[in-house]
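Enquirer: So the sequences go chain by chain: A and B.
Numbered per numbering that gives the first Met the number 0, the first sequence spans residues 0 to 164.
Numbered per numbering that gives the first Met the number 0, the second sequence spans residues 0 to 70.
Please keep in mind that the hints were generated in silico from the structure rather than gathered at the bench.
Every residue, glycine too, gets a C-beta built ideally from N, C-alpha and C.
Incorrect hints may appear among the rest.
List time: in silico DSS-like cross-link candidates among lysine-lysine, alpha-carbon distance up to 30 Å [stated by the list, open to error]:
hint, chain 1, residue 1, chain 2, residue 2
1, A, K65, B, K48
2, B, K48, B, K31
3, B, K61, B, K21
4, B, K67, A, K115
5, A, K65, B, K61
6, B, K21, A, K65
7, A, K65, B, K31
8, B, K21, A, K115
9, B, K62, A, K65
Where chain A lies over chain B, by a calculated footprint (3+ residues, C-beta under 8 Å) [stated by the list, open to error]:
hint, region
10, 17-28
11, 33-42
Just some of the chain A residues that point at chain B, by a computed CB distance under 10 Å [said to hold, decoys possible]:
hint, residue
12, A31
13, H38
14, L87
15, L93
16, A105
17, E111
18, V126
19, I128
20, L149
21, A156
22, L157
23, D162
Chain residues, written in single-letter form:
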Amino acid sequence: MPKPKPGQSRTVVVERQCKPNKPDNCPKEWCALDGACNHPMDPTVEQGANSKLSNVQHSFESIVVKDSCDVEVSSNDTQAAVNVQVALQVAIALVISISIADSNTANEITQELNAKLQTSQVNSQQVYIQNSRGVNITTTDTDIAVNIQLLLQVLIALVLRLDIL
Amino acid sequence: MANSNSNFPNQLVDMLVDSTLKKHGVSLDGTKIDAQQKEQLRNLVDSLKNSVSDLSQQSMAKKENKEKNDK
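Same shape as in the complex, but just chain A (with noise of 0.2 Å):
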């Protein structure tokens, strides 16, 4: 394709399309125009074993100041807890696959109590400043998921299992 002169635009116009080329082993998002793809939610998909590990934490923040002058906004996202609640599943993942000895079942039971201690959690804040001076803001998100109890619950009784405590 020649290129551009200065001052001239390029248009460039990429037409989606499915890929039937694409090797087997490559992960390839489904298409609708395929006949050959089988739909996500098609129960004979194989789903991940991951799929039930999920755990969700999100938070959203917006703020907009507008016409204002001498504002001063600290914003401050605790989204620590998430290190400690993938540090209680890997440990509790740990205490299982080492006190079983068929990991197949250890895999299943650490999927299995993960599956059921599963929680979401979404944080919303918001702040519209218009037509104000001296204005100080702080905004601290400190809702922290409260399965991280739970989880330590759960380590905790396994390991009381296996009188390690």
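Assemble the complex: chain A is given as a structure, and chain B must be docked to it using the hints.
Expert: Here is chain B on its own, set in the frame of chain A:
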């Protein structure tokens, strides 16, 4: 068995763990784990306990500050 003073009844957690293990026909056997692994697991659990406790305290303190500032 679980001896934690948090929001969830211990009975609930014990039932959850017991029923899941029973369903798969297994029981946790502490004799398979050697002393070194037990010590490591004990340290891991203590560390996680402290992390959860710190997070809870931070959260409480921030909420209290926020409520004071709102008043």
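Enquirer: Each hint: holds or not?
Expert: Right, here's what the structure says about each hint:
1. K65(A) - K48(B): violated (45 Å)
2. K48(B) - K31(B): holds (24 Å)
3. K61(B) - K21(B): violated (42 Å)
4. K67(B) - K115(A): The given pair, whose Cα atoms are some 37 Å apart, is violated under the 30 Å limit.
5. K65(A) - K61(B): Within the cut-off at roughly 28 Å; holds.
6. K21(B) - K65(A): violated (61 Å)
7. K65(A) - K31(B): Violated. K65(A) to K31(B) sits at ~65 Å, over the 30 Å cutoff.
8. K21(B) - K115(A): Distance of about 15 Å is within 30 Å: holds.
9. K62(B) - K65(A): Given pair K62(B), K65(A) holds - Cα atoms ~28 Å apart, limit 30 Å.
10. 17-28: holds (count 8)
11. 33-42: n = 4 at 8 Å, threshold three: holds.
12. A31: Hint violated; A31(A) Cβ to chain B Cβ min 40 Å, cut 10 Å.
13. H38: violated (31 Å)
14. L87: With a closest approach of 6 Å, the L87(A) hint holds.
15. L93: holds (8 Å)
16. A105: Holds - the Cβ of A105(A) comes within 10 Å of chain B, reaching about 8 Å at its closest.
17. E111: Holds: closest Cβ of chain B sits about 5 Å from E111(A), inside 10 Å.
18. V126: With Cβ-Cβ at 14 Å, over 10 Å, it is violated.
19. I128: With Cβ-Cβ at 17 Å, over 10 Å, it is violated.
20. L149: holds (5 Å)
21. A156: holds (4 Å)
22. L157: Status holds, d = 6 Å.
23. D162: holds (4 Å)
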